[in-house]
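Below are the chains, spelled out letter by letter.
There are 2 protein chains.
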Amino acid sequence: MADAPQRIEQLIDLMARLPGLGPRSARRAVLLMLKKRGAVMAPLAQVMAEVALTARDCLRCGNIGDADLCAICRDERRATGEVCVVENVADLWAMERGGAFKGRYHVLGGTLSALDAVGPAELRIPLLVERVADEGISEVILALNATVDGQTTAHYIAEVLEGAGVAITSLAQGVPVGGELDYLDDGTIGAALRARRRF
Amino acid sequence: MADAPQRIEQLIDLMARLPGLGPRSARRAVLLMLKKRGAVMAPLAQVMAEVALTARDCLRCGNIGDADLCAICRDERRATGEVCVVENVADLWAMERGGAFKGRYHVLGGTLSALDAVGPAELRIPLLVERVADEGISEVILALNATVDGQTTAHYIAEVLEGAGVAITSLAQGVPVGGELDYLDDGTIGAALRARRRF
Ligand SMILES: [Zn+2]
Ligand SMILES: [Zn+2]
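Protein chains in written order, with full-length UniProt numbering: chain A, 1 to 199; chain B, 1 to 199.
Some hints here could point you the wrong way.
Away from chain B, derived, C-beta distances all over 10 Å, residues of chain A [unchecked claim]: (1) 46; (2) 71; (3) 90; (4) 130; (5) 136; (6) 168.
When the alpha-carbon atoms are kept at most 25 Å apart in a straight line, the in silico SDA-like pairs for lysine to any residue are as follows [said to hold, decoys possible]: (7) A/35 <-> B/56; (8) B/35 <-> A/127; (9) B/102 <-> B/129; (10) B/36 <-> A/121; (11) A/35 <-> B/35.
It should be emphasised that the hints constitute simulated quantities derived from the structure, not laboratory data.
C-beta: ideal position from N, C-alpha, C; glycine also.
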C-alpha cells in the first residue's frame, strides 16, 4: 500500500483492530468510506468522536451511559427491587432487546477465571453486595452465561449473598448449555427469564 | 437497544453499513471501542475525520490522494510511458502491493455494465483517451478483473484506442478465470504482469 496516503494506511490499521475485521475487510471498509466521504465517513467520524468524549461507565451498575448514572439507573419506572447480574454490557443489551426485564442491572465486567487470574476484586462483586444492602433489593437474578466460568461466578455470588435476605434466582429454561446470551434470540431470553428458578 | 444512549445506537447503525459488518459485528466493534475509548475509539475517530477532510480523487488518474494529483502521479520516478488501467482503487492498491509495476495508473471507477446501466461516459474512459493523446503514453496495460464485465470493458477500451498508436496489453498468466485482482497474492500479480500479452 505504498501509494495510499499515510493517514489512510493508519486508518486501515486502526479499523483492522476491531473484532470481526481483518486487514482485508478493514481495507474494504475504508475504501467504501473513501467513496462516501460525505455520506458515511464524516458522520461516522463525528459520532465516534462524540461517543468517545461523552460515554461513561455508570457508577452504580457498570452499564455504559453518558452521565454518572446510566439511563436505566435514572429511569424511575424501572423496578428497583430486582437486579439482573450480567457479565458485560453486550449481555445487558441482549437482555434489553428481549424487553422482558423491567428491573435494573449490575454489570460484573467479566467472570471469575482462575486461568486469567480474575478474582472477585477484579469484578464488581463487592459493589453488588453493597447495592443489595443499600438499595432494598429483594431479588438478584443471575443472568450469567451458561459457561464454566459463568456458572462458577454465579455460584460464588450466591455464596457471598447468602444470609443477605435476598432471593437469588437464575435464568433457566431456554439457555442452551455452553451458549452465550448475546447469541440468543429475544424469545429465548424472555422464556428463560419467565421460567427463572431459585438458585 | 433501548438502553444504549442514542449516540451509541447511531454509531452502531453507521458501523453496520460498512462492508463485512452486520448489526451484530457492528455492536461488538462498538463495544470494544467503548471499552477502549482512549486507546482505540478516540484515535480512530480522529484519523477518520482527518481522512474524510483531506482525501481527494486524483484529477488525473482517479486514485485517492490528498492533493489535486495523487502521490503516484506526482512521483517523477514512475515511468510515464506505461499506464495501467484498473477498475477501482482497491485493484490499484493490489497492484501496488505486488510492487512489480513502475508506471502510472488510470482508475476507471467500475466496469461497463448493461445490467447496471454503466456506459463509457459513467467511467473515466474519455479521460483515458485524452491522456493517451496528451502524455506520450506508449503502452496501456489493461489490468481489469477476469469477469465478464471486466473483459467487456477491456475489449471496449482496446477498440476505442485502436489507431491511437499505443500498444495495448493485458495481464495474462496467473489471473484465474472469474478471479478478482484484490484476492490474489502478490506473486501471482507480479507473474501476470511480467507475462502480459498483446490484447
Ligand atoms: Zn446504571
Ligand atoms: Zn493520480
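Hint by hint, here is what the structure shows:
1. With a minimum CB-CB distance of about 7 Å to chain B, residue 46 of chain A fails to clear the 10 Å threshold, and the non-interface call is violated.
2. With a minimum CB-CB distance of about 6 Å to chain B, residue 71 of chain A fails to clear the 10 Å threshold, and the non-interface call is violated.
3. Residue placement check: residue 90 of chain A does not keep its beta carbon more than 10 Å from all beta carbons of chain B (closest about 5 Å).
4. In this structure residue 130 of chain A is separated from chain B by more than 10 Å, as the shortest Cβ-Cβ distance comes to about 22 Å.
5. At the 10 Å boundary, the C-beta of residue 136 of chain A stays outside the reach of chain B, the nearest C-beta of that chain being 22 Å off.
6. Its beta-carbon lying about 23 Å from the closest one in chain B, residue 168 of chain A satisfies the requirement of being farther than 10 Å from that chain.
7. Restraint check for residue 35 of chain A and residue 56 of chain B: satisfied, since their Cα atoms lie roughly 10 Å apart, inside the 25 Å limit.
8. This hinted pair checks out: residue 35 of chain B and residue 127 of chain A have alpha carbons roughly 20 Å apart, not beyond 25 Å.
9. The hinted pair formed by residue 102 of chain B and residue 129 of chain B meets the criterion: a straight-line CA distance of about 21 Å does not exceed 25 Å.
10. Between residue 36 of chain B and residue 121 of chain A the CA atoms are separated by roughly 21 Å; this keeps the pair inside 25 Å, and the hint holds.
11. A distance of roughly 29 Å separates the Cα atoms of residue 35 of chain A and residue 35 of chain B; the hinted pair therefore is violated under the 25 Å criterion.
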